[in-house]
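So the protein sequences, as listed, match chains A and B. So the mapping is simple: my numbering equals the position in the first sequence, first residue as 1, plus 7. So the mapping is simple: my numbering equals the position in the second sequence, first residue as 1, plus 214.
Calculated from the structure, these hints are not laboratory results. For every residue, glycine included, the Cβ atom is placed at its ideal position computed from N, Cα and C. Relax, there's no trap hidden among the hints.
Which chain B residues stay away from chain A? Per the calculated CB distances, all over 12 Å, these: (1) Glu226; (2) Gln229; (3) Leu238; (4) Ile251; (5) Gln254; (6) Thr297; (7) Arg303; (8) Asp311; (9) Ala312; (10) Gln318.
Quick list of simulated restraints, FRET-style, between CB atoms: (11) A:Pro139 / B:Asp249: 52 to 60 Å; (12) B:Gln253 / A:Arg411: 49 to 57 Å; (13) B:Ala312 / A:Ala22: 41 to 49 Å; (14) B:Gln253 / A:Pro139: 55 to 63 Å; (15) B:Gln253 / A:Glu42: 16 to 24 Å.
If you want a taste of the chain B side facing chain A, the calculated C-beta under 10 Å gives, among others: (16) Tyr243; (17) Ala244; (18) Val245; (19) Arg261; (20) Ser262; (21) Tyr265; (22) Arg270; (23) Arg273; (24) Ser282; (25) Thr285; (26) Gly289; (27) Gly290; (28) Lys291; (29) Ala292; (30) Cys295.
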Amino acid sequence: MTTPRLSRLTLWLLAYAVPGRWRESIHGDLLEERERRHSLRLRVDALWQCGTVVAIGGRLLAESLFHRASLSPRRRCRTTLDQVWADIRSAVRSLAANPGYTALAVFTLALGIGANAAIFNVANWLLFRPTPGIERPDELVGIHLHQPSEGWRNSMSLAAIERLRTGAQALGGLAGTSSRLTAADVVVAGRQARRIDVDVVTDNFFDVLQVRPLIGRAFTIDEGRDPAMPPVAVISERFCRVEFGAADHAIGREIIVNGKPVRIVGVAPRGFRGIGLIGNIDLWLPGAQHHVAIPASYREPATEATAVNRPMFMTLLGRFAPGGNRDVLQSQLDAVHATLLAENPASRLYSQYQFGILPGLDTTSSERKEMHETLVMLLALSAALLALACANVGNSVMARSTSRAGEIATRLALGGSRLAVGRMLFIESLLLSFLASAGALALAWMVAHFIEGTVLVPGFAPLDLPAPDWRVAAWALALATVTAVGTGLSPMWSVRRADLTEALRQTARSHSPARQRLRTGLMAVQVAASVVLLVGAGLLVRSIVAKLSVDTGFDASRVLTFSVNPLLSADRPQPAFHQALVDRVRQVPGVRAASLAFLPPFHSGVEARLSFHTGDRPEPVMAARNAVRLGFFDAIGLAFVEGRDFAEAELDSPESIAQSPLILTESLARRVFGDSSAVGRTVTTAAGIQRTVVGVVRESRHRKLLSDDTGDIVFEPFRGDFRTPWVTVVIGTEAPDAVVWPGVRRAMAEIAPTLAMFNVMSVEEGIRAELGQDLLVAQIAPAFAGLAIVIAVVGFYGIVTRGVIERRRELGIRIALGAMRVDLMKIVTREVSAALMIGLAAGIVLSLWLSRFIESRLYGISRLDVASFAAAVLAIAIAVLLASIPAWRRATRLSPSAALRD
Amino acid sequence: MSSFSEKGLLGELEQLVLLAVIRLDDNAYAVSVRDEIQQQAGIDLRRSSVYVTLDRLDRKGYVTSRLSDPTPERGGKAKRCFTITADGRRALKTAADAVNSLRQERPVRSRV
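With the sequences and hints as input, model every part of the structure.
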């Protein structure tokens with residue numbers, strides 16, 4: 008007879024859902040019953056097993072939780088743990104008895120904690136989680152060239168990498184990955200080309216990182232080192248999903264990368280997008296195939312012999328062998344350095360730089376630093392929201408403990424220590440907070456799904472299913488504990504001061520001065536937190552509005568741009584291709600005008616600058632430069648102040664670019680030539696060449712909002728012999744974008760199906776993309792501010808209404824003695840207005856201080872912007888007044904006889 | 215509820231299980247107790263009820279338990295066997311007495 012077994016899930020349930028003293032016997036009982044039922048042909052499958060275990064385990068657990076008090080007195084032992092259990096049970100009962108109150112408190116706290124958890128979830132994805140797919144990342148080290156005065160470099164030749172591989176014995180493996188962002192045009196199955204990020208790596212890259220391909224394999228040694236081997240590639244799981252559907256469809260398929268066929272041999276594990284956390288790499292090529300990623304047409308062709316010695320921009324990653332450490336590694340690196348220097352005595356690189364060791368996975372990129380700032384700001388906003396929620400719930404917990412004064416007094420009178428009663432109240436808060444943190448995690452999960460695929464930073468990977476992990480859960484639980492302290496302290500405080508005899512006589516004055524002060528204080532905290540959130544949101548939104556409404560000098564909504572890499576159509580002469588491209592796009596319906604430029608009109612990514620001076624201005628002037636073809640100014644709608652556009656002859660004249668004429672922006676012309684006309688004047692470039700100004704166009708101020716730039720631009724003619732890895736097609740439209748784009752895409756598919764269109768956007772979208780994180784913050788902040796107002800209104804409504812109910816005897820007496828409506832309103836309002844005043848004052852002071860931290864992000868407004876502060880104060884005052892109206896109505900309609908009878 | 219059991223009174227379920235434990239002598243464990251109640255009384259109890267009741271009786275001190283030697287047909291797992299205690303017998307008797315005294319004919323009262 009074979010030994011009977013239970014399903015794995017059943018065993019797991021037995022281990023975790025059944026109390027220890029019962030575990031073994033229930034296991035045996037189940038096996039016994041399983042045999043018997045089996046012979047009776049009754050069901051014994053995993054579902055039956057699990058169901059049985061859950062039923063038994065659940066009831067045993069419930070028994071131990073809720074029915075221990077029913078044990079006979081003889082056996083009852085009151086350990087502290089038992090008392091805590093008793094408190095938990097009583098808290099559960101008490102919360103269950105007031106479902107409305109519980110739901111509102113949990114909901115409010117869940118919003119507060121949930122906002123924090125959702126932001127932290129994104130922060131975790133961007134900053135804290137381990138890079139997906141890489142095993143034991145702490146064993147990895149980076150090897151770089153280092154010079155004390157110049158810092159670190161990562162330019163290594165393949166030959167040097169080979170030396171290091173054999174020389175650095177302390178490492179179990181040494182791999183290289185291209186440290187420069189490289190993009191390539193990829194054609195899959197004859198569809199229009201797409202532009203993706205590509206990485207060139209050594210053959211052992213995946214082995215050293217211990218990244219196991221999801222399917223297929225990594226590179227062989229020959230593929231990594233022999234340029235004659237047929238080109239192969241590993242693709243990312245995301246790329247595979249988008250292009251091929253199932254992973255096994257991709258293996259063995261041929262795709263065209265930058266015009267060359269490449270065979271897919273493997274798919275990287277899900278989430279692995281290169282060594283950076285927010286990398287966007289979709290394709291890895293072995294080192295020997297780097298000419299695929301960076302085609303020779305970009306630069307002078309290299310012969311095979313020099314290829315191994317030419318420096319490539321490689322980041323080297325090593326994994327320590329067992330027993331390897333930094334000291335041993337450093338001495339081995341020094342030995343390799345000595346050999347390399349002896350072999351290449353003329354090399355400046357090796358005579359000036361030494362090998363040094365850095366942490367393996369880079370965690371300090373500037374983009375991440377910038378994200379860090381944004382996330383800290385968002386976390387600060389959500390912390391304010393949580394403070395608000397805490398004050399709100401704290402107030403209602405306290406209000407409830409007031410109405411429970413009788414119960415608490417009875418407990419104290421019967422000998423319950425104040426500590427024990429306080430603990431009971433605290434456990435109630437803790438329970439509320441933990442329930443709320445479960446809701447918060449659900450909220451964070453929903454937000455994660457909602458924002459999946461969003462690109463937070465232009466150029467970086469879209470968020471890829473950032474479902475909350477244990478770090479987020481830990482964060483939510485930690486916040487829940489803080490929240491419990493925040494909401495539980497006030498009722499515990501009131502227990503400390505409870506007056507027994509008063510309370511037992513049921514005449515406890517719930518509006519005793521101390522309690523009233525505490526309540527006013529909590530209301531003031533809510534007002535202050537709301538002010539901070541509203542002021543912050545106001546400043547950020549006004550700043551973004553100011554940025555978006557900057558006069559770009561042209562109608563940004565009527566200009567579309569996209570870029571292509573014309574060098575990949577190497578079979579055609581560049582000037583002919585440029586002309587064909589523009590001519591074909593002009594024929595698309597809805598296109599008013601089209602032209603070519605080197606950079607998009609709003610671009611800030613690649614800097615091209617020109618330095619020059621005039622005869623009367625000896626000091627050089629710096630300005631951004633762009634190269635444009637005929638009709639550029641017409642296409643984007645930038646008017647000429649004086650002078651003219653370039654002439655056809657100037658684009659194709661035999662003189663070099665360095666001698667061609669220039670067009671200036673208005674502000675630049677004024678800066679250089681004052682009020683006199685600029686047309687026909689000459690400027691002298693840094694190289695000493697004279698160039699003539701032929702025109703001045705209206706000022707284009709868009710660049711100012713992106714940096715501290717002056718916004719001055721010098722335009723040069725885009726000449727046919729200008730070799731550049733990208734050109735930008737600029738289209739002026741007279742039809743909606745949705746009509747024009749499909750036509751443009753069809754035109755591109757016709758004229759150049761193997762070229763990818765990238766940076767496809769309207770100028771308006773481009774400006775929004777450049778605003779990126781600021782826009783994101785400006786969208787989230789008002790949502791937080793709205794939540795804050797809602798929470799504050801609900802909280803105030805509860806507090807004020809409860810205040811009237813508690814004081815109805817007093818109010819009744821006053822009415823009976825002839826108090827006027829106005830007097831009643833005054834009484835009810837006194838407490839609220841005190842809280843409002845204190846809260847507003849504190850909130851304004853706090854906002855004045857906090858606004859310093861967002862000052863650097865503000866554009867066009869002062870951090871002390873009166874409108875934002877005034878709007879915040881007004882909004883809160885109105886919200887509080889609205890929340891108080893029901894209480895006023897209740898107070899004025901109070902019937903004195905009914906009030907006194909209670 | 216608590217006053218009911220604090221006075222040592224037993225619930226119906228507890229009585230059934232205790233009686234089954236007595237009948238089964240030294241082979242009273244969850245499976246056999248349930249079978250016994252089903253065969254003798256024709257009552258089909260939920261498994262979980264049997265476990266919870268045994269657990270409660272144990273913690274009230276009305277039964278004691280020990281682990282039997284493991285047997286191969288149970289995958290080498292021990293049985294948790296129960297024996298009634300003196301307290302348990304007393305409680306059972308109290309419960310039976312309470313029911314019986316209530317069950318007796320109502321005394322005839324003469325009219326005044």
